[in-house]
Amino acid sequence: MDSAALRQSWSQFSAAGPEAAKYFYATLFVVAPEARSMFPTNMQYQEDKLLAALGHIITSLDDPQALAVFAQRLGADHRRFHGHDQRGNPVVLGERHYIWVGQALLATLERFLGPYFTPALRAQWAAAYELVAKMMLDGAAEAERSSPPHWEAEVVTAERRRADIMVFTVRPNYLCNYRPGQSLPVQVPQLRTWRYLSPANAPRADGTIEFHVRAAGRFSTHLVRRLRAGERLLLGHPTGAALSSYDRSPHLPLLLIAGGTGLAPLRAVVEAVQQGAGRRTTLVVGGRTPDDLYDEAALSRLAAMPPAAGWQHAGTGWLRYVPTVETGWGWQGAIGRAGDTAVRLGPWADTEVLVCGSPEMTRDTVALLVRSGVAPEQILTESYDHSLYPPLAEAGAVGLRDFSGTGAR
Numbered sequence: 001m002d003s004a005a006l007r008q009s010w011s012q013f014s015a016a017g018p019e020a021a022k023y024f025y026a027t028l029f030v031v032a033p034e035a036r037s038m039f040p041t042n043m044q045y046q047e048d049k050l051l052a053a054l055g056h057i058i059t060s061l062d063d064p065q066a067l068a069v070f071a072q073r074l075g076a077d078h079r080r081f082h083g084h085d086q087r088g089n090p091v092v093l094g095e096r097h098y099i100w101v102g103q104a105l106l107a108t109l110e111r112f113l114g115p116y117f118t119p120a121l122r123a124q125w126a127a128a129y130e131l132v133a134k135m136m137l138d139g140a141a142e143a144e145r146s147s148p149p150h151w152e153a154e155v156v157t158a159e160r161r162r163a164d165i166m167v168f169t170v171r172p173n174y175l176c177n178y179r180p181g182q183s184l185p186v187q188v189p190q191l192r193t194w195r196y197l198s199p200a201n202a203p204r205a206d207g208t209i210e211f212h213v214r215a216a217g218r219f220s221t222h223l224v225r226r227l228r229a230g231e232r233l234l235l236g237h238p239t240g241a242a243l244s245s246y247d248r249s250p251h252l253p254l255l256l257i258a259g260g261t262g263l264a265p266l267r268a269v270v271e272a273v274q275q276g277a278g279r280r281t282t283l284v285v286g287g288r289t290p291d292d293l294y295d296e297a298a299l300s301r302l303a304a305m306p307p308a309a310g311w312q313h314a315g316t317g318w319l320r321y322v323p324t325v326e327t328g329w330g331w332q333g334a335i336g337r338a339g340d341t342a343v344r345l346g347p348w349a350d351t352e353v354l355v356c357g358s359p360e361m362t363r364d365t366v367a368l369l370v371r372s373g374v375a376p377e378q379i380l381t382e383s384y385d386h387s388l389y390p391p392l393a394e395a396g397a398v399g400l401r402d403f404s405g406t407g408a409r
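In full-length UniProt numbering, the protein residues as written are 1 to 409.
What the hints contain is simulated information worked out from the structure, not anything from laboratory work. Hints are supplied without guarantee of correctness; some may be wrong.
Stated by the list, open to error - Quick list of simulated restraints, FRET-style, between CB atoms: (1) 225 x 31: 33 to 39 angstroms; (2) 226 x 289: 24 to 30 angstroms; (3) 62 x 360: 34 to 40 angstroms; (4) 331 x 159: 20 to 26 angstroms; (5) 309 x 16: 55 to 61 angstroms; (6) 296 x 33: 49 to 55 angstroms; (7) 296 x 360: 22 to 28 angstroms; (8) 127 x 88: 35 to 41 angstroms; (9) 88 x 332: 55 to 61 angstroms; (10) 252 x 69: 27 to 33 angstroms; (11) 333 x 252: 22 to 28 angstroms; (12) 88 x 159: 31 to 37 angstroms; (13) 86 x 370: 51 to 57 angstroms; (14) 344 x 377: 20 to 26 angstroms.
Beta carbons: idealized from backbone N, C-alpha and C, even for Gly.
Put together the whole structure using the sequences plus the hints.
Quick look at the structure:
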């Protein structure tokens with residue numbers, strides 16, 4: 001395979017950007033009309049996903065092992081995509097769809113590369129696509145032996161905590177394993193859109209999962225305003241390797257800094273610590289006003305609970321919970337942004353630090369921590385970009401990243 005020729009032609013092709021992605025999907029839906037129902041009505045994020053995934057594959061051609069791992073993960077993740085044919089019959093993603101995608105890809109390359117898309121280059125692209133498609137199908141087949149393509153989950157409770165915040169609990173049709181700190185792709189079937197949400201609880205014996213959502217876009221606003229008990233959602237496979245690494249140094253104290261619904265994965269981490277032997281943990285939760293501290297009751301209960309396996313330091317609590325607001329009439333607690341309050345509570349040498357909130361909150365908090373003397377390698381953050389497939393989001397999760405995926409967009 002001539003990876004140099006493929007990379008050069010990809011550089012020319014990717015210059016077309018969204019226009020090329022639009023052409024690809026238009027071609028695919030002509031070739032395979034049933035594929036349209038597998039995608040959301042608004043294709044913006046899907047077009048971004050296509051270009052990002054193709055770009056990652058092309059840059060990985062010289063590393064066969066990394067390419068195989070990525071493609072197999074991508075194939076396993078794609079099992080959750082499904083739709084209906086023109087007669088309304090259910091359609092699951094299968095080998096024929098990969099063939100149609102290959103046809104659409106070659107047609108799109110021909111359209112945008114023009115005379116540069118020679119028969120020899122076409123053969124190179126066809127061979128490369130066939131290789132990657134086989135890896136994806138192998139990954140899907142392997143995953144099928146041990147896990148479902150997705151989970152069907154019934155909404156058990158739906159509680160509006162504020163006008164723009166919903167806390168709801170679902171019960172999957174069978175056990176959905178995840179690590180505290182990870183996120184799950186969630187779909188409202190009628191919207192045909194997947195968005196990442198982070199479980200706010202450690203795994204429970206009854207399998208139920210709690211999510212926190214703030215209205216910030218069409219998907220999340222639908223959940224906040226319309227979700228009711230008894231409705232059905234779909235859950236994809238868990239993803240995320242940074243925040244779920246909270247136990248990489250279990251002998252060190254933990255500092256958790258949350259903003260908004262970024263609290264969700266950090267509360268799951270706190271619950272997991274409580275269910276073990278305990279670990280000295282500080283949880284700083286910030287908001288503009290006290291009204292932003294929507295999960296105060298649950299966090300106060302957690303702070304009052306002893307670790308399940310006992311706590312070795314007599315007379316001291318394992319969890320220090322510090323709610324902080326920027327402004328609040330009569331507020332008796334800490335004043336300031338979550339990052340400022342956390343720095344004041346320091347120093348944090350030899351401490352594992354997890355930060356989760358909006359992109360702006362995460363950037364500012366990490367900068368404050370580093371300026372205060374916290375080493376960057378002590379800090380764990382994560383980003384779930386809706387324009388990326390989960391395997392690509394994880395592949396790019398190197399270094400300090402914003403985490404914006406706990407509330408759907």
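**Prompt:** Which numbered conditions among the earlier hints are violated in the structure presented, ordered from lowest to highest?
**Reply:** Structure breaks no hint.
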